[in-house]
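If you read the sequences in order, they're chains Z and A.
If you count the first sequence from 1, position 279 lands on 279 in our numbering, and the numbers rise without skipping.
If you count the second sequence from 1, position 8 lands on 8 in our numbering, and the numbers rise without skipping.
Each hint should be verified, as a subset may be incorrect.
Which copy is meant is left open, so a pair is good if it fits within one copy or across any two.
Unchecked claim - The calculated DSSO-like cross-link candidates involving lysine-lysine, where the alpha carbons are at most 30 angstroms apart (straight line), are: (1) Lys329 - Lys34; (2) Lys115 - Lys42; (3) Lys154 - Lys329; (4) Lys118 - Lys128.
Quick caveat, the hints were computed from the structure, so don't treat them as lab data.
Number of protein chains: 2
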Amino acid sequence: MSNLRIPGPTPVPPEIQEAMATQMFNHRGPAFSKHIGEATEKLQDFFQTTNDLLLLTASGTGGLEASIVNFFSPGDHILAVSIGYFGDRIATIAEGYGANVQRLSFEWGSAADPKVIKEALANNPEIKGVLVTHNETSTGITNNLEAIAKEVTKANKLLVVDGVSSAGSIPLLTDDWGCDVVVSGSQKGWMIPPGLAMISVSEKAWEANKSASMPRFYFDLTQAKSYLERGQTPWTPAISIVVALNVALDMLMKEGREAVFERHHRIANRVRDGVEKLGLTLYADPNHRSDTVTAVSAPNGIELTEMLRILREEQDVILATGQGPLAGKIFRVGHLGWVPDQAINELLEKLEETLSTASITQQ
Amino acid sequence: MSNLRIPGPTPVPPEIQEAMATQMFNHRGPAFSKHIGEATEKLQDFFQTTNDLLLLTASGTGGLEASIVNFFSPGDHILAVSIGYFGDRIATIAEGYGANVQRLSFEWGSAADPKVIKEALANNPEIKGVLVTHNETSTGITNNLEAIAKEVTKANKLLVVDGVSSAGSIPLLTDDWGCDVVVSGSQKGWMIPPGLAMISVSEKAWEANKSASMPRFYFDLTQAKSYLERGQTPWTPAISIVVALNVALDMLMKEGREAVFERHHRIANRVRDGVEKLGLTLYADPNHRSDTVTAVSAPNGIELTEMLRILREEQDVILATGQGPLAGKIFRVGHLGWVPDQAINELLEKLEETLSTASITQQ
Chain Z
1 MSNLRIPGPT
11 PVPPEIQEAM
21 ATQMFNHRGP
31 AFSKHIGEAT
41 EKLQDFFQTT
51 NDLLLLTASG
61 TGGLEASIVN
71 FFSPGDHILA
81 VSIGYFGDRI
91 ATIAEGYGAN
101 VQRLSFEWGS
111 AADPKVIKEA
121 LANNPEIKGV
131 LVTHNETSTG
141 ITNNLEAIAK
151 EVTKANKLLV
161 VDGVSSAGSI
171 PLLTDDWGCD
181 VVVSGSQKGW
191 MIPPGLAMIS
201 VSEKAWEANK
211 SASMPRFYFD
221 LTQAKSYLER
231 GQTPWTPAIS
241 IVVALNVALD
251 MLMKEGREAV
261 FERHHRIANR
271 VRDGVEKLGL
281 TLYADPNHRS
291 DTVTAVSAPN
301 GIELTEMLRI
311 LREEQDVILA
321 TGQGPLAGKI
331 FRVGHLGWVP
341 DQAINELLEK
351 LEETLSTASI
361 TQQ
Chain A
1 MSNLRIPGPT
11 PVPPEIQEAM
21 ATQMFNHRGP
31 AFSKHIGEAT
41 EKLQDFFQTT
51 NDLLLLTASG
61 TGGLEASIVN
71 FFSPGDHILA
81 VSIGYFGDRI
91 ATIAEGYGAN
101 VQRLSFEWGS
111 AADPKVIKEA
121 LANNPEIKGV
131 LVTHNETSTG
141 ITNNLEAIAK
151 EVTKANKLLV
161 VDGVSSAGSI
171 PLLTDDWGCD
181 VVVSGSQKGW
191 MIPPGLAMIS
201 VSEKAWEANK
211 SASMPRFYFD
221 LTQAKSYLER
231 GQTPWTPAIS
241 IVVALNVALD
251 MLMKEGREAV
261 FERHHRIANR
271 VRDGVEKLGL
281 TLYADPNHRS
291 DTVTAVSAPN
301 GIELTEMLRI
311 LREEQDVILA
321 TGQGPLAGKI
331 FRVGHLGWVP
341 DQAINELLEK
351 LEETLSTASI
361 TQQ
């Protein structure tokens, strides 16, 4: 088994592989109702919410699309707070559906400043909603969502949170912080394959939904809510992933929500310390480093592509490259979901070994 | 193992269950490139096309949405040929995205008349595209797609085909018949779990795409095509289902495409004969009965819901109810994908046994 250390898909434990191999059953029958009902309740616990929690058969990006098209109308003013690749993506989705998007971008590698968001909201009363990435997978930064949410709720705007690579791995207090819409994706901290997006929807968001006129069908959350009340999904769901989700959530609940979060923090510290001990430089602002993905600056004088190739082909350690403007400038280590300590130890050993390989030195 | 005989999800063979249990790997790495490259080529063989063939992480309905939003603009005139529930669904999707949809509905249980379609096209030159369901899952009817396609191509309109429950199970000659866009779903004849939609796109459809202005992001097929050229998908794909798809396609190709189609025809005949021998009445027009799903009229004097409950709870035979206006009026037997002869024999025996149960007779 490869040491797969990208920020999703993440490795799946043996119990999950067994669950994934489920025989098919009727998605309009009692067995599926039980599955989706249980998975929903457990997810609400991890999202720390009593809001509606809906499952979509799609990747996290599909969930992000759902988080826009269900709550806004073309022409609506939206503030898109971006600190990287995925912050830009959700802004692009909103623009594509005709929203009037004001991008508030912060330097990649840094976190969003709640005070600047507060000012932007004060200066632009026409803004209806705010899009925020909780954990920016492309830069390894976790925004101070609590502080941001405080400003957004104070201004009484709709708060849409991309929690794809945070929910289930680090604290995300949906209700306490006042997050109206929160999106996650199955292949992240949830330890299961890609194929499902999860999305929580507050009362305030449902209220916005009533007048939201962006077109939608597959991602129509009113349909998802209505079918969930009968223990179903409107369209045929990714059954094997739902079954796996239930098993994964049982494992996570057995460990305990707070213990899961603590484990992610401990493992992240181990990665950060280990990488720095190898003489490498962490890319992200030290005050906002993510507990689910660590971005490392490309070492001086090293051929990054060749380093990653050797790690992949000779060491069976799979790391992620940089995205967008960070391509070639950083590499990323995913440490969310199922991350045995031993896997991190091996990763660091093999990284050290590879760094000393003559062939990766730039000519 | 239940005798799951609904028109999708269909049972998965043991080889597929093993494939579904795959450990995760990098969707931006060489292993995934190989998987998607191979799956694409094999699917093209079953779709009998050299057109682009794209995979989406979604149910078949997501594929239907993609078949609309990528090729039309709000206000475009579309002829939606409907013979049932799914024909109505794709028309609704097109309307939702602002198309000017002219519905051409035929009586449920009958097929579409190519001559009527020809007339509609002649009388409405403003029509840009035609939506046709190849196999209507809700009524057990297979349209004469070849004859319909002849009229649509003669009129030089874009032909969008819902092949969700036909492709891979019955002949669908995408190129020979001139189908511009064809959609299928993984949980049908392909013997794998739900979670993937497949969609083929002709040159003519790509030409239409250039000026198509319906909003889209997750289902943007130009992104899917561009990433496929690098052996990737734009968003994280349902890896375990793609792996299963490759194994299933190998099994189907080993059997042989035409042999797969013949098997479906033989099994369908066995179901139809068996049901009629029990004194039941087939719902669909005898000239257009589907080889993938059989609709049976609710027997007179029988409590249909109770009959299906007994079959499910006591006999472990899972059949489908009627949809929309056919709820309570028919039941449906799915016989696409992995259908051992023995499963059909057992189904017929248990249906006979249940029909003789006193408790299902109406008071």
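Here is what the structure says about each hint:
1. Lys329 - Lys34: So Lys329 and Lys34 pass the 30 angstroms test across copies only (27 angstroms; inside, 47 angstroms).
2. Lys115 - Lys42: neither (34 angstroms within a copy, 55 angstroms between copies)
3. Lys154 - Lys329: For Lys154 and Lys329, the Cα distance exceeds 30 angstroms both inside one copy (38 angstroms) and across copies (55 angstroms).
4. Lys118 - Lys128: within (14 angstroms within a copy, 48 angstroms between copies)
The structure is inconsistent with the numbered hints 2, 3, although it conforms to all the rest.
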